[in-house]
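Enquirer: Chain residues, written in single-letter form:
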Amino acid sequence: MTNTVAVEGPKVSNVGDAASSHQPCAVSVENASVKFGAFTAINNLSLEIEEGAFYTILGPSGCGKSTFLRLVSDLVPAASGDVRILGKSTEAARLGRELAFVFQDATLLPWRTVLENVELPLEIGESTGVDIPVSEKSPEELLELVGLKGRENAMPHELSGGMKQRVAIARALVCKPKLLLMDEPFGALDEMTRDHLNLQLLKIWQETGVTIVFVTHSIQEAVFLGQKVVMFQANPGRLKEVIDIDFPYPREITLRDKPEFIRHTAYLRSLLETCS
Amino acid sequence: MNASSSFEIDKQALLLEKKAEQRGRLEAIALPLGTLLVLLVLWEFGVRFFEVPPYIAPAPSDVATTLVDKFPLLLTNFWPTFQESILGFIVGNLAAVLVAIAFVHNKMVEKAFFPLAVFINTIPILAIAPILVLIFGSGLSAKVIIAGLICFFPTLVNMVRGLQSISPQALELARILSASKSEVFWEFRLPASLPFLFSALKIAATTCVIGAIIGEWVGADVGLGSLILDSTFNFRASLLYATVLMSSGLSVCIFAAVSITERLMIRW
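Heads up: the sequence lines are chains A and B, in that order.
Per the working numbering, residue 174 is the first one in the first sequence, and the count goes up by one each step.
Per the working numbering, residue 66 is the first one in the second sequence, and the count goes up by one each step.
For the record, the hints were derived by calculation from the structure and aren't laboratory data.
Be careful, since some hints might not be right.
[Stated by the list, open to error] Have a look at the derived ranges for each label pair, beta carbon to beta carbon:
(1) A/Ser333 with B/Arg332: 15 to 21 Å
(2) A/Asp430 with B/Arg240: 37 to 43 Å
(3) A/Glu296 with B/Ala129: 55 to 61 Å
(4) A/Glu314 with B/Arg328: 32 to 38 Å
A virtual CB, placed ideally from N, CA and C, is assigned to each residue, including glycine.
When you get a sec, could you build the whole thing from the sequences and use the hints?
Expert: So, in structure tokens, the structure goes:
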């Protein structure tokens, strides 16, 4: 099945049609634009992401993929168009802690221990008057989930880059978000660590059912992780194509050596060349 | 037999390692102390050999004797300077921290007052000291203000940098968590500024004593500063040297207190 799809060129979902689904999507963006002064970072973008899905976003530098995550997480406002998270405004979703963000750099507070960093979201934002949801897993259990049991009292400077990023993931999960936005979280890590964290992230996704939107520079990573790969185009940033990746989960690292996988990455590479 | 002998070897290796470590630590202390001792001995012999009159340069032994004999006098003059330095340290640094917070929260305040702060900093402290004594009289307050003023600028500059040192991503994290302005300050900006604050406080630890002494030079009849002037004009060189030692001892104590506090507070 995947084979035939790959031969004909991967399936392309038409973005405009996606609005016909009835359930509120995890993310629903309609004709949204983002402008920084005279510069248009995102132009007239529409995209719908179903609940529980794993989307990866690929694109050349300056195509607005990071800005897209910031638009969805209420860090930058839309100049026009509409963005809804589970049917609510992005502000309501942010206040209700329905979304969490993992940055490229782990952004741990160096004066807090690992455990205190994970607990940070529980201590902040009480002034908004909105109840902060709490994961049924304790911060200690979340650290165990990301493989950092026993390091609760370490300071961030004692950890490797991969460990720091795992703490950041545990911190993101502590308020039981419905939507996890990840901005090239493994971009600065070596390949072995990256592979390991990719597998761990898939496990976490399957265990928690959280919707994940994952921005990456790596075509391999995008195909390996995502159910769909969203290709962005630069100047101005806009949507190029959404490609289905039909490999079943759980996926294993050896998947990347399969011809179907390579067909996907080759197609995306050629597509990427037309995008900048 | 074999096992026990290898155990012995291990034990010996450990002992040797420990000894090497101890030797390293000993060197770090003994070497500068030895150098100091040699210099003191050279000074002592130089003064005696060239028959330098004691009112020009006293021998170290004379200074030591004076330090012991005149200790009550030195101590009565130490406490006022100590008080002025510490109060100046607190007032100057507190003012600098508060102004830095105002600068970081309001760009207009920074634009309005930063050039003024730079201007005041360019006036030599020795030139401004008489003005402050004229305004505040020859009591405690003028000296505290001079000591505070000399601490103010370095702390202001460092604290502004420290409060701005938080990464843009950390501020985005704060926004995602819907942190209030006060949470951003207490949980993000202030802890991030602490290493910067402490490096400024270490500078202030020594400069506040300078400020207090300058204040006493302009107008005071007690304090290490006035004792310095007094012993200079009366050619009591060994008392002068002993007073100078007391003032540097004061700086060292404040510096040590700041360093210890830093080590306790900053674990990262």
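Enquirer: Each hint needs a verdict: does it hold in this structure or not?
Expert: Each hint tested on the structure:
no.: 1; hint: A/Ser333 with B/Arg332: 15 to 21 Å; in the structure: 19 Å, holds
no.: 2; hint: A/Asp430 with B/Arg240: 37 to 43 Å; in the structure: 42 Å, holds
no.: 3; hint: A/Glu296 with B/Ala129: 55 to 61 Å; in the structure: 57 Å, holds
no.: 4; hint: A/Glu314 with B/Arg328: 32 to 38 Å; in the structure: 34 Å, holds
The structure agrees with every numbered hint stated previously.
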